[in-house]
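Undergrad: Chain residues, written in single-letter form:
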Amino acid sequence: MKAKIYKGFGRIFLAVALFLFGTSAILAAGTTSGTDVTNSVTLDYDVGSIAQTQLTTSVTFEVDRLLSIVVATQDGDVVGVSPGQSEAILSFDVTNTSNADIDLLLGVVDQNATAVTGFTNAGPTAFDGTGIKVALDTNANGIYESGTDTDLTAVGNHFSLPTALISPDVAVRIFIVASVPLGAGNSDQATYSLVAAAASGTSVIQADTNNHTSPGGAGATDVVDDINAVQDVFGDNVSTNTEDGTYNFVGDVSSATQDTNSNGQHSDTSAYVVASASLTLEKLVQIIWDPINGYHFNADNSDVLSGNNPKAIPGSILMYVVAVENSTGADDATDVTIVDDLSEDLTEGIATTTEGVADILKPDNVTFATIGVVDIPDAADESQLTIIDCDGTVSNAAYGAAPEVTQNIGTCSADETGIIVYFVTVN
Amino acid sequence: MRKIDMNIKMAGRAVVTLLVALSSVQVFADVNLNTSVQKVQTYLGDDGQQRTRLVPAIEIVPGDELRYVIEYSNVGDLAVDPNSIVITDPIPKDTVYVSGTAFGSGTEISFSVDDGERFLAEQDLRVDKNGVETLASPEDYTAIQWKFGPVLEPGQKGHVSFNVVLK
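Chains A and B, in that order, are what the protein sequence lines are. Residue numbers 1 to 427, in the working numbering, belong to the letters of the first sequence in order. Residue numbers 428 to 594, in the working numbering, belong to the letters of the second sequence in order.
Treat the hints with care, as some may be off.
[Said to hold, decoys possible] Counterexamples of contact, computed for chain A against chain B with all Cβ distances above 12 Å:
hint, residue
1, V37
2, T38
3, L43
4, S86
5, N121
6, G147
7, T148
8, T150
9, P168
10, S179
11, V250
12, S278
13, P363
14, G372
15, S413
[Claimed, not checked] Quick look at which bits of chain A chain B covers, simulated, 3 or more residues with Cβ under 8 Å:
hint, stretch
16, 76–84
17, 241–247
18, 284–291
19, 319–326
Hints are computed from structural coordinates only; laboratory data are not their basis. Idealized CB from N, CA, C, for every residue including glycine.
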């Protein structure tokens, strides 16, 4: 088998990196189109025990042009991305398995959240990548480098590699480059097929001489072979998976219809999946005390009601609890900061001199509608903020400038909850 | 001269003129040699079984199997000696011989792995692979030879054939 060679933009990179990216072996392109294959025969014989002049004859045919391409994603699984990320990359190798130099056209098929065979898919909610580009790995290092790698020329909606004929058995690494919208949610998926077609310059080769057409192409005929001329044969195989799409390079329209045999193109599919933080924020208030009814809770700081129902009247003490929870399977949320604007009718902490630190009576826990039961730490007191970071660390902090409470509770991983607790006095 | 097929390049043909003693009649020993190529096409039969058939050599691309047929005929007036017809055919460049396809009725078939220096039966062909002498495989064959045993009388003809795969 011939060596598979990766190349960058132009022939100068042809010598680069044998099996550099560890792709699977692909059938070698074989005898170059246009090659004359000659069978020469000799026949010796005797007549009357006399050796006669040797006879010779031969037959020659010219090898036709087999047009064949293989597209293979190099992403072993879905590519994790974050909301707002720019230049998220899907990687593909496109190999010329033809027996001739060819140009390539490349199309991208938006497959929404279609599952990719063999991948750890998410979805079913799809997101649309923005600013989609197709780029050639110019320096053949397998890594997309903006400014170094070459963004391919758009021909309408698709892309061309017109200035560098791809030699037989040569593979080029192609990137789909997209940005992820800020609004993309955790586990949202964006699936894309990359379709490559044999071309002459920037024009797709629409048909072969064996009654096959490229999607949208015309001119298919079953031409009687001229044994001494090079004719085209679409020899590409059906793409591996049902989700691998096609592209009508004539009409410049993508299609999710599965690629087929002998249509002059081939495709493979990969996907982005958003691994995002998914935070739930809840806030509740509990009236702890008022000057008329006294405490709501018993003196043992339990959550057992005392029977008193204090009201929010001037001088009353309220307890606010703000909780943040990151959902199951979500990515880490870093630098989580809670900012709570207080009403101007409230004063941080307890201004009254009638109630001391030791006298505050509060519940052991509170119950949020979504987050559920959250414990109130013993350290919570009326004189300062009380914080439970998402990693469970309990601390206190002085109040900031009224009327705003601001507190960083660090990094919240999946299933972790952080809270802040503070007390205010009704003016 | 007989007109030959346009696809055939005939480099030479022997026309031997023997002057028969005591006669003014010229007697010719004249043998024709032609070769042609066809494509071996695989198709599904009505019974769903995969079958092959010979079709014109259309759109020949790497991986295709081809059959070469070499035809010979005695178009002269004299018989060709028994065991004298030897047809030699180097395996065409860029092709590989398909095992078991060499055919020739009434012939003894042998193969070469050294560009025709020696022709031996398949079981006697040896090649050096990484310093180890091993039985040659069809990919190692470089030429085929047929030896026709019987007399080829005037008007008689025969053919031999073999298959290759285009690399």
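Undergrad: Next step is simple, just say for each hint if it's right about the structure.
TA: A quick look at each hint next to the structure:
1. V37: violated (5 Å)
2. T38: Label violated. Min Cβ-Cβ 6 Å, cutoff 12 Å.
3. L43: violated (5 Å)
4. S86: Since the minimum Cβ distance to chain B is about 43 Å, S86(A) lies beyond 12 Å and the statement holds.
5. N121: holds (35 Å)
6. G147: holds (40 Å)
7. T148: holds (36 Å)
8. T150: T150(A) is indeed farther than 12 Å from all Cβ atoms of chain B, at 31 Å.
9. P168: Given a closest Cβ separation of 9 Å, the condition is violated.
10. S179: It holds; S179(A) is separated from chain B by about 42 Å at its closest Cβ, greater than 12 Å.
11. V250: holds (23 Å)
12. S278: holds (52 Å)
13. P363: holds (77 Å)
14. G372: holds (63 Å)
15. S413: For S413(A), whose nearest Cβ neighbour in chain B is about 54 Å away, the distance exceeds 12 Å, so it holds.
16. 76–84: violated (count 0)
17. 241–247: Coverage by chain B is violated here, the residue count being 0 at a Cβ distance below 8 Å.
18. 284–291: It is violated: at least three residues are needed, and the stretch 284–291 of chain A offers just 0 whose Cβ sits closer than 8 Å to chain B.
19. 319–326: Our answer is that it is violated, as 0 residues pass the Cβ test (under 8 Å) against chain B, missing three.
When each numbered hint is compared with the structure, violations occur for hints 1, 2, 3, 9, 16, 17, 18 and 19.
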